[in-house]
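S.K.: The chain contents come next:
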Amino acid sequence: MSDLQQKPVNEERRTLLKAGAVATGTALAPGVLLFGAAQARAPEEPASDKVRWGMIIDVNKCADGCNDCVTACNEENGLSGATGPQDSQWIRKLNIRHLKTGVETSLPMLCVHCEHPPCVDVCPTGASMKRADGIVLVDRHICIGCRYCMMACPYKARSFVHEPLTDQNPEVPRGKGCVESCTFCVQKVDRGENTTACVEACNAAGHKAMIFGDMNDPTSEIAQILKTQKTTEIRADLGLNTGVRYQGI
Amino acid sequence: MREIIRAWGLTALLAGLLLAPAGVMAGVEKPVLERGKGERCVEDTEYMRRYHMQLLKHHRDDTMRRGIRTTKHSLKGCVECHASSKTGSVASSKEDFCMACHVYASVKLDCWDCHATKPMKKTTPAAMPRLSPLTVGLPGGQQP
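First to last, the sequence lines map onto chains A and B.
Oh and the first sequence: position 49 is 49 in this note's numbering, straight run, nothing missing.
If you want this note's numbering, it's the position in the second sequence, counting the first as 1, plus 249.
The hints are simulated quantities; they were obtained by calculation from the structure and are not laboratory data.
On a predicted model such as this, the values are computed, not experimentally measured, just so you know.
Some hints here could point you the wrong way.
[Stated by the list, open to error] Have a look at the derived ranges for each label pair, beta carbon to beta carbon:
(1) B:296 x A:43: 19 to 25 Å
(2) B:357 x A:61: 46 to 52 Å
(3) A:156 x B:343: 38 to 44 Å
(4) B:286 x A:44: 21 to 27 Å
(5) B:291 x A:204: 48 to 54 Å
(6) B:321 x A:48: 17 to 23 Å
(7) B:306 x A:48: 22 to 28 Å
(8) A:195 x B:296: 38 to 44 Å
(9) A:224 x B:335: 40 to 46 Å
(10) A:152 x B:321: 36 to 42 Å
(11) B:286 x A:193: 23 to 29 Å
(12) A:193 x B:285: 26 to 32 Å
[Said to hold, decoys possible] Footprint (simulated), chain B over chain A, 3 or more residues, beta carbon under 8 Å:
(13) 94 to 105
(14) 162 to 169
(15) 229 to 241
Cβ atoms here follow ideal geometry from the backbone N, Cα and C, with glycine treated the same way.
Produce the complete structure using the sequences and hints provided.
M.R.: Rendered as structure tokens:
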């Protein structure tokens, strides 16, 4: 953890990543096919660490008052949609105001799927885990509901299920006594759809503020943007190398 | 004379032993399971009876941790095949597939605290409700 707390190291990693992306992009011209095959992997093939799923959210395109990403997430994952202190929220819309200029922005916040997730660091049972392709998940089979991960997460991304649930979505098992958070719609990703419910909803609403993709695939839209435009990590000072990045904040 | 009595006694004892199980069986009925929808199970019935939990546990770790989503030993597959024709579920009544044996053997199941007991609904996205009615009910039907 110590090497991650210093910004220079993080910068170095970023440049290295950038260089790596350029190198693979040029050297692997036929490798485009390879990447394509890796994304639509067979059911028996495990998630690969060659892939790193990520998201870019352009705050300027995100419409004030639009809640479509949240609604779509609730529908896909079977959340109630209630926003009380004991309700699960995997993605939420925030309105932030700059204290000096007064500029108001609206943006969605969700689990940012860190490369070095603090929730995984603190989990006493190993339930909080990062999959090879960078998706941070909770293994509810061994989660004891201690909620250390909720305290460790700087993004307030996790929720605890307080009450028994019924009629869950067969693809998204959830239950009382476990912590949960955004899964990057892992069921869709594993089906090869390579998108998430929130991104689909944002596109359907015509805002196109969210882009989901493989950050390691030089041909993907997300990798292109990361390479050519400025993106911001929230709490970049923590050196977590988040998978969700923002533009326009 | 004593030997004759002993022989009679033994016969009576044996008869009693043989008849006893029939009496016990009358009180506890063996579970009757509904036949699954598929042609045959993914493994032999005898094997499944003894080892289904190992298969499920192995598959759960593969799926959860590594993203392997084969369907052969998946819980979702079990549910799709074995959901009851009456309740549409594998565990909502005592006669449903999972519960029938687990009630008989008195083994508590935790799977269904989180996993859906009914197969996936085949609905088009447009026909689905805007907000799924999965809210945990409070007394008086209030939203929490």
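S.K.: Taking the hints in turn, state whether each one holds.
M.R.: Hints and how they fare:
1. In this structure, residue 296 of chain B and residue 43 of chain A meet the distance hint of 19 to 25 Å, their C-beta atoms being roughly 22 Å apart.
2. In this structure the hint that residue 357 of chain B and residue 61 of chain A lie 46 to 52 Å apart at CB holds, the actual value being about 50 Å.
3. Hint check: residue 156 of chain A to residue 343 of chain B, Cβ distance near 42 Å, so the stated range 38 to 44 Å holds.
4. The hinted window of 21 to 27 Å between residue 286 of chain B and residue 44 of chain A holds, with their beta carbons roughly 24 Å apart.
5. Checking the proposed 48 to 54 Å range against residue 291 of chain B and residue 204 of chain A shows it is violated: the Cβ atoms sit about 38 Å from each other.
6. Take residue 321 of chain B and residue 48 of chain A: their Cβ atoms lie about 22 Å apart, and the range 17 to 23 Å holds.
7. At about 24 Å, the beta-carbon gap between residue 306 of chain B and residue 48 of chain A stays in the expected band of 22 to 28 Å.
8. For the pair residue 195 of chain A and residue 296 of chain B, the beta carbons lie near 39 Å from each other, so the given range of 38 to 44 Å is met.
9. Evaluation of the 40 to 46 Å hint for residue 224 of chain A and residue 335 of chain B yields a failure: the beta carbon distance comes to about 54 Å.
10. One distance hint, 36 to 42 Å for the beta-carbon pair residue 152 of chain A and residue 321 of chain B, holds here, with the actual separation near 37 Å.
11. Roughly 27 Å separates the CB atoms of residue 286 of chain B and residue 193 of chain A, a value that falls within the hinted 23 to 29 Å.
12. Between residue 193 of chain A and residue 285 of chain B the beta carbon distance is about 29 Å. The supplied range of 26 to 32 Å therefore holds.
13. For a cut-off of 8 Å, the count of residues in the stretch 94 to 105 of chain A with a CB near a CB of chain B stands at 0, and the three-residue condition is violated.
14. Evaluation of the coverage hint for the stretch 162 to 169 of chain A: fulfilled, as 7 residues show C-beta separations to chain B shorter than 8 Å, against a requirement of three.
15. With 0 residues having a Cβ less than 8 Å from any Cβ of chain B, the stretch 229 to 241 of chain A misses the three-residue criterion, and the hint is violated.
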